[in-house]
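If you read the sequences in order, they're chains A and B.
With the working numbering, the residue at position 73 of the first sequence is 73, and numbering never jumps.
Positions in the second sequence are counted from 1; adding 339 to them yields the working numbering.
Among chain B residues calculated to face chain A with C-beta under 10 Å, some are:
1. 645
2. 647
3. 681
4. 682
5. 684
6. 685
7. 686
8. 689
9. 690
10. 699
11. 700
12. 706
13. 708
14. 709
15. 713
16. 757
The hints are simulated quantities; they were obtained by calculation from the structure and are not laboratory data.
Beta carbons are placed, not taken as given, at the ideal position from N, Cα and C, and that holds for glycine.
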Amino acid sequence: MSTNAALAEAPHRREISPIDLLGRFAPLIFLLGLVAVLSYLEPGFRTERNIMNVLRQVSIIGILAVGMTFVILTAGIDLSVGSMVAFTGIVCAATAKGSRSLLTGGTTDPGGSRVLLAALAAIGLGLLLGFFQGFLIGKLEIPAFVVTLGGLGAWRGATLVFSSGQPISGFSKDFKFWGQGFVGRVPVPVVVFLLFVLVAFVILKYTQYGRWIYALGGNQEAARLSGLNTVALTISVYAIAGFCAGVGGFLLTSRLNSAEQVAGQNYELQAIAAVVIGGTSLFGGVGGVIGTLIGTLLIGVLNNGLVILNVSPYWQPIVVAIILVASVFFDQLAKKRRR
Amino acid sequence: MLLQMTGISKQFPGVQALQNVDLYVRPGECLALVGENGAGKSTLMKILSGVYAPDEGTVAIDGQIVVPRNPHHAQQLGVSIIYQEFNLFPNMPIEENIFIGREPNRTGFVDRGQLRQSAREYLQQVGVDLDPRAMVRYLSVAQQQMVEIAKALSYNARIVIMDEPTSALTDTEVRALFAIIRSLKERGLGIVFVSHRLEEIFEICDRITVLRDGRNAGELDTATATPDQVVRMMVGREITDLYRKEESTAGERVVLEVRGLSRRGTQQDDARVVLDGIDLEVRAGEIVGLAGLVGSGRTEVARAIFGADPFDSGEILLDGQRVFIKSPSQAIKHGIALAPEDRKLQALVLALAIRENVSLPNLGRLSKFGFVRRREERNLAQRYIDALSVRTPSMEQKVINLSGGNQQKVVLAKWLALDPKVLIVDEPTRGIDIGAKAEVHALMSQLAESGVAILMISSELPEVLRMSDRIYVMREGRIAGVIDRDHATEERVMELATGVKSSARAA
Numbered sequence: 001m002s003t004n005a006a007l008a009e010a011p012h013r014r015e016i017s018p019i020d021l022l023g024r025f026a027p028l029i030f031l032l033g034l035v036a037v038l039s040y041l042e043p044g045f046r047t048e049r050n051i052m053n054v055l056r057q058v059s060i061i062g063i064l065a066v067g068m069t070f071v072i073l074t075a076g077i078d079l080s081v082g083s084m085v086a087f088t089g090i091v092c093a094a095t096a097k098g099s100r101s102l103l104t105g106g107t108t109d110p111g112g113s114r115v116l117l118a119a120l121a122a123i124g125l126g127l128l129l130g131f132f133q134g135f136l137i138g139k140l141e142i143p144a145f146v147v148t149l150g151g152l153g154a155w156r157g158a159t160l161v162f163s164s165g166q167p168i169s170g171f172s173k174d175f176k177f178w179g180q181g182f183v184g185r186v187p188v189p190v191v192v193f194l195l196f197v198l199v200a201f202v203i204l205k206y207t208q209y210g211r212w213i214y215a216l217g218g219n220q221e222a223a224r225l226s227g228l229n230t231v232a233l234t235i236s237v238y239a240i241a242g243f244c245a246g247v248g249g250f251l252l253t254s255r256l257n258s259a260e261q262v263a264g265q266n267y268e269l270q271a272i273a274a275v276v277i278g279g280t281s282l283f284g285g286v287g288g289v290i291g292t293l294i295g296t297l298l299i300g301v302l303n304n305g306l307v308i309l310n311v312s313p314y315w316q317p318i319v320v321a322i323i324l325v326a327s328v329f330f331d332q333l334a335k336k337r338r339r
Numbered sequence: 340m341l342l343q344m345t346g347i348s349k350q351f352p353g354v355q356a357l358q359n360v361d362l363y364v365r366p367g368e369c370l371a372l373v374g375e376n377g378a379g380k381s382t383l384m385k386i387l388s389g390v391y392a393p394d395e396g397t398v399a400i401d402g403q404i405v406v407p408r409n410p411h412h413a414q415q416l417g418v419s420i421i422y423q424e425f426n427l428f429p430n431m432p433i434e435e436n437i438f439i440g441r442e443p444n445r446t447g448f449v450d451r452g453q454l455r456q457s458a459r460e461y462l463q464q465v466g467v468d469l470d471p472r473a474m475v476r477y478l479s480v481a482q483q484q485m486v487e488i489a490k491a492l493s494y495n496a497r498i499v500i501m502d503e504p505t506s507a508l509t510d511t512e513v514r515a516l517f518a519i520i521r522s523l524k525e526r527g528l529g530i531v532f533v534s535h536r537l538e539e540i541f542e543i544c545d546r547i548t549v550l551r552d553g554r555n556a557g558e559l560d561t562a563t564a565t566p567d568q569v570v571r572m573m574v575g576r577e578i579t580d581l582y583r584k585e586e587s588t589a590g591e592r593v594v595l596e597v598r599g600l601s602r603r604g605t606q607q608d609d610a611r612v613v614l615d616g617i618d619l620e621v622r623a624g625e626i627v628g629l630a631g632l633v634g635s636g637r638t639e640v641a642r643a644i645f646g647a648d649p650f651d652s653g654e655i656l657l658d659g660q661r662v663f664i665k666s667p668s669q670a671i672k673h674g675i676a677l678a679p680e681d682r683k684l685q686a687l688v689l690a691l692a693i694r695e696n697v698s699l700p701n702l703g704r705l706s707k708f709g710f711v712r713r714r715e716e717r718n719l720a721q722r723y724i725d726a727l728s729v730r731t732p733s734m735e736q737k738v739i740n741l742s743g744g745n746q747q748k749v750v751l752a753k754w755l756a757l758d759p760k761v762l763i764v765d766e767p768t769r770g771i772d773i774g775a776k777a778e779v780h781a782l783m784s785q786l787a788e789s790g791v792a793i794l795m796i797s798s799e800l801p802e803v804l805r806m807s808d809r810i811y812v813m814r815e816g817r818i819a820g821v822i823d824r825d826h827a828t829e830e831r832v833m834e835l836a837t838g839v840k841s842s843a844r845a846a
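In isolation and in its complexed conformation, chain B is listed as follows:
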């Protein structure tokens, strides 16, 4: 056995990320590692590449137990990982990128000839014709990936981990990558292919290991398995007794309507379409789920509606009237609020107090002649601290000192204080504990009852299923389908999100 990971467990504060997970790779084998967002794939790979140490369990290479201390050490042990975001220096030539930190030297000076010669050899092994002197920033995404693979080979890698390697590639480039993977297999390397794209997995991989909620959910041979089986294994968790939204009693009044929203990639050589003809509507009193895999364009839809990012074409209607929103402040004036994906980076001013964070978008209303009316500000903050039961000794507490759940409540508080017509929440319960989660869910449900139109983006299927009246599922920048509350199952959502047809359902 080339690689054997046995009984791996890893706990983070408040989360059991992995529990007794096994994974093995034979020489010359390509293993697919699949699972929903948050199933533990990346934690497992980070343990293999030495980023995290496991709490329990062992890693063995060629039957020898090893303990990768850090990514560099893992590389020396023969494990190379190629991330979605490459670890290359854009302003350095290919050759220096490959040999960074171990340049061939002659009495302290870099041996240029040797450097170039070795770089060329490794590039040839990958089968790409690139000038080793070329600056990395001029390379396409696919070419940069090739450089990463050449770098892995230069470390005599035995095991190459590829994290979503095809997500930014065109079809032709995917073909080229697969040719390289095949040649690596022939040379006896083991590949771990982390991906959501089942078609590709069935094409290039020999075996599939499925993770679910940090545990092994099963293992399949691509020769005999069907994509449908994989999807069921990925999501087949029992529904626990969490909060479930009441059926919407909403009328038919459409508050938010999006028509044909489209946006291209911002980079010049990036022909990818970020959003392609998005149509959706949210009625008063409704919670509409926006599901899809990470990178499918959900957050981009939210940011476009809110005016945080520009879009190329399409229109947004509020209460049937077309609106032209070019900035978040205009969106706010129209009664749209967005609780963004990353509360620390995008939503909160951590060095300020709860009071100041809650009042930030509401200052206009709280001020007279430009002066903030302290009493009214305090009343507002206290009202929402109470309504959302934010746990804090005082409203003067700096937000940086709050727990994740309480921080999220502060984010919601500042938007609720605006009394919005449309509330967009992006990953509203990411990284918060189960109790706070239930409170946030209850709160969203109450808001909907009071007539707010809510658009909820979430990577957690149980949340999407329980909270949504309707679910739009996105795939690669498009709406892949809409599912009613009554017909929504995890399998159905995942089928749409991954693009696997449900024709094999009868099985």
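For reference, chain A alone in the conformation it holds in the complex:
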């Protein structure tokens, strides 16, 4: 094969335009810009304590967003993860205490190996719920939006039924370590979050399974005709999202020292926002977990910055919304240019 001829025929020689760059790196540029501005305006932002605080605040949403990345890469959606956090959290709390009731369960759990059991209960339940939803979506072909919208209501309702509307609070030191403790100087949930990002990155980038996810999201029919088990793959991504929600439920209960019925409310929307701001396409097949990390950090820094700058927290959802829409806008703009 003649190399010259090949190059001559190559369509679309890569030209990098500013808009292209902006489209691809808009969230990162914005994040760095924001950090720079905040550091300049308010030296308090730069302190290690504040940075760890920001990270801890977003870590649980970040963990959900990692699971959500898998789902959205297959062109799916999971609206139920916030409610799953509440349900898995309350089941986790009850397991730790050995009772569903605050009154009969004493004020604290025995700690020790009981914590492991509680964590496994939360994670196992999340996995199960995710698997169940995945089955409805992948096998019975009910649209993901509908199934998980159902889950959004049902798992929240299940939380109330399970706990009769009572929160379960007061745990042992062992239990609280997972939400409130530190590894070195880094909060435990942050370590877990970063670990999830790392593992997800490796899976998506280097494994067979990761490749399947991109193929499924990019072209479901081609994936099936290439011999991929598209049903099992679809089920698996919702199971991953459920797994992440279970981990989130455990960590949140531990951090708040209480499992509440309203826990995790709206977390699903923030997780979706983090994924989309990070550049993963809602149409599937394009994106990745590094973007999700950036999207999550951006939301966290923004929240923190508004507080530091003494802006009313009521503005926070509005600002996140603007960034969400703007980042997708730049992405679309860049795509049009590339055509």
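Following the hints, put chain B in place on chain A, whose structure we already have.
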């Protein structure tokens, strides 16, 4: 003259779809427009109905030159087209479908009474007794067609184009449609009847215009012509000097055998049989052609063998052993590969790189403990990029940026990398340029020589004739006949595909 199209030419990137084509229709006449797949019939009709603008040539209605800008404008000019896939809204009542976008209104509100009354009148003109309030989705295919015709009449159509109107109808429904066509003719409308079914054409049409390779191939009166003449006119092209497969040196070892494969339509009210008792075999080293008109069931045979669609009865044997294939992944494990009809929709993940597309069905072999071994993956991709001379600066190029021919090579590469026993290719050279076509043909020939059993579906007769050792011809879900390489002619294939007897051959 009601309609006069003169000197119409149309070019698409890489293809001269129409060249200096003439077509005319008299008032009260039914004109049949026939030609092989790809002869330019639909392009011509799309120009008439305003979907495409011609590069050259004019359209005149009643002697007035008109330029249909879009389908709606064409409708206003009196040209209505009824496609095989209807343009109806299934969840709306008949009356609203007929008057969509021009509902009779009274100060901004839809005048229901007027709407219903007018709809009823047009339905009566078509001669069907349907409640205008009925939802379209509850209607049979034939009834929906009637609604389309009523809609055409409501636009005061002068010319009605029907694209394969009988392909989904039962015999009784065809009778009813013909009665309507006759009454439309009596009212002075002109009909353009696009069809492959010669018997029907001879029954209902007055004249036949034949297209071949985007040009006028001739014109016949149904009163004096014979079906055989039509078939010869459709295919009578000179054979050009394209690639021709060497005679198979294959042994007698049958690799793929299909027995009695049958499948019904999936819809409830659809009593049609999609596949009916398909028997075929492919030997090692052989290229077997599967010919037939579009919709005759060729693709369905391929998809059933590959496990992409379920079938109701019949069996598939590989190397003499019965196999039960329920999914593409099982087919792949048995060494069957399918390069499907539509490479962009069914074969490629356009947003991924060439490397990732080539390795997709091969990941199992390329992975260790679930991790893709990059070096081996790159080697594999490079090997097939070289072997198939895919023209690209790098294996990391996204497939969406490749030309059609190179995309098709990537599809073949990913399957060849599997080293299949049976390769099924559906329209392997559709829409790719002549050079790439020759390369694909050479490649298939080499594969066959190396012992792969190849089943090739193609709508292009020259391709089928040159590449196949044997040709199965399908018609309406059945194998209409098998032709040896030595006895294969375009006429013979078309006779089987259209069901026209060759008794008049002596003429």
